[in-house]
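> Using this note's numbering, read the sequence shown as starting at 14 and increasing by one per residue.
Derived by calculation from the structure, the hints in this document are not laboratory data.
Computed from a prediction, not measured in an experiment: that's the story for all the values here.
Just so you know, not all the hints are guaranteed correct.
Okay, the calculated beta carbon distance ranges per label pair [claimed, not checked]:
| no. | residue 1 | residue 2 | range |
| --- | --- | --- | --- |
| 1 | 166 | 79 | 32 to 42 Å |
| 2 | 123 | 150 | 21 to 31 Å |
| 3 | 35 | 84 | 30 to 40 Å |
| 4 | 131 | 80 | 20 to 30 Å |
Distance condition first, Cα-Cα at most 25 Å in a straight line; then the derived SDA-like pairs of lysine to any residue [as the list claims (entries may be wrong)]:
| no. | residue 1 | residue 2 |
| --- | --- | --- |
| 5 | 96 | 42 |
| 6 | 96 | 138 |
| 7 | 27 | 50 |
| 8 | 102 | 119 |
| 9 | 102 | 27 |
| 10 | 96 | 122 |
| 11 | 27 | 63 |
| 12 | 102 | 159 |
| 13 | 78 | 115 |
| 14 | 27 | 41 |
| 15 | 27 | 159 |
| 16 | 78 | 122 |
| 17 | 78 | 119 |
| 18 | 96 | 41 |
| 19 | 27 | 48 |
| 20 | 78 | 102 |
| 21 | 102 | 88 |
| 22 | 96 | 79 |
| 23 | 27 | 88 |
| 24 | 96 | 123 |
| 25 | 78 | 51 |
In this text, a Cβ means the ideal position worked out from N, Cα and C, and glycines have one as well.
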Amino acid sequence: MTNENNAHRVDFAKTAPSAFRALIAFDAAARQDLDPALVELVQIRASQLNGCAYCLHMHTSDARKAGESEERLHMIAVWREAKSFFTAKERAALDLTEAVTLVSHAGVPDAVYTHAAAHFDEHELARLLALICTINTWNRVALSTAKVPGTDERAARR
């Protein structure tokens, strides 16, 4: 798959390798000790909100490989109306993901933060915030460089 729009866009990994590696390290540190299923839910929801098809494709594929159900994947975008599909902890993480991703709309309301803090210990909450920041950064890099959905380059870079 090619995208004529990205022919003249910078290849972030090649042209800013130290920044790329730093982002990978930040992402890995953020994920540490978080439930992998929760990590994918957060990354999927942020990618939906940011309109990042590249990351959305990547993380829904990863979630499927990790055993996530199609049913839950379809419900992430409407998680508030599909509460029974997600645990209270997952719903708190999704709520925080939306608040941080859309921070310019209303900041991160105290109620959202307090709700997340009730489900995550201090260290988990810090890593969750870092995770939300990393996926938002990845989304912005992918969108800015016109990454093509379905062309996951991670395997080629390992």
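> All hints, please: hold or fail.
Structure-based check of each hint:
1. Taking the beta carbon of each, residue 166 and residue 79 are about 20 Å apart, not inside 32 to 42 Å as hinted.
2. The hint said 21 to 31 Å for the Cβ distance between residue 123 and residue 150, and at roughly 25 Å that hint holds.
3. At roughly 37 Å, the beta carbons of residue 35 and residue 84 sit within the given window of 30 to 40 Å.
4. Checked against the given bound of 20 to 30 Å, the beta carbons of residue 131 and residue 80, roughly 27 Å apart, stay inside it.
5. Proximity of residue 96 to residue 42 is assessed by CA-CA distance (about 29 Å); at most 25 Å being required, the pair is judged violated.
6. Note on residue 96 and residue 138: the hinted pairing holds, with a Cα-Cα distance of about 21 Å set against a maximum of 25 Å.
7. Only pairs whose Cα atoms come within 25 Å are accepted, and residue 27 paired with residue 50 is rejected, the gap being roughly 30 Å.
8. Among the hinted pairs, residue 102 with residue 119 is consistent with the structure: their alpha-carbon atoms are about 22 Å apart, no more than 25 Å.
9. Our distance criterion of 25 Å between C-alpha atoms is broken by residue 102 and residue 27, whose separation comes to about 38 Å.
10. Between residue 96 and residue 122, the direct Cα distance comes to roughly 20 Å. Compliance with the 25 Å bound is thereby established for this hinted pair.
11. A threshold of 25 Å between alpha carbons decides the hint, and for residue 27 with residue 63 the separation of about 24 Å falls inside it, so the pair holds.
12. Between residue 102 and residue 159, the direct Cα distance comes to roughly 33 Å. Violation of the 25 Å bound is thereby established for this hinted pair.
13. Between residue 78 and residue 115, the direct Cα distance comes to roughly 28 Å. Violation of the 25 Å bound is thereby established for this hinted pair.
14. With a CA separation close to 20 Å, the supplied pair residue 27 and residue 41 stays within the 25 Å bound.
15. Taking the CA atoms of residue 27 and residue 159, the gap is about 15 Å. The hint holds against a cut of 25 Å.
16. Of the supplied pair hints, the one linking residue 78 and residue 122 is violated, its CA atoms being roughly 34 Å apart against a limit of 25 Å.
17. Using a Cα cut-off of 25 Å, the hinted pair residue 78 and residue 119 is violated, with the two alpha carbons roughly 35 Å apart.
18. For the hint linking residue 96 to residue 41, the alpha-carbon distance of about 29 Å lies beyond 25 Å, and the restraint is violated.
19. For the given pair, residue 27 sits about 31 Å from residue 48 by alpha-carbon distance, which is inconsistent with the 25 Å threshold.
20. Simply put, residue 78 and residue 102 have alpha-carbon atoms about 22 Å apart, close enough for the 25 Å limit, and the pair holds.
21. For a cut-off of 25 Å, the pair hint linking residue 102 to residue 88 stands: about 16 Å separates their Cα positions.
22. With a C-alpha separation of about 22 Å, the suggested pair residue 96 and residue 79 falls inside the 25 Å cut-off, and the hint holds.
23. For the suggested pair residue 27 and residue 88, the alpha carbons sit about 36 Å apart, so the restraint of at most 25 Å is broken.
24. About 21 Å separates the Cα atoms of residue 96 and residue 123, which keeps this hinted pair within 25 Å; it holds.
25. The straight-line distance between the Cα atoms of residue 78 and residue 51 is roughly 14 Å, inside the 25 Å bound, and the hint therefore holds.
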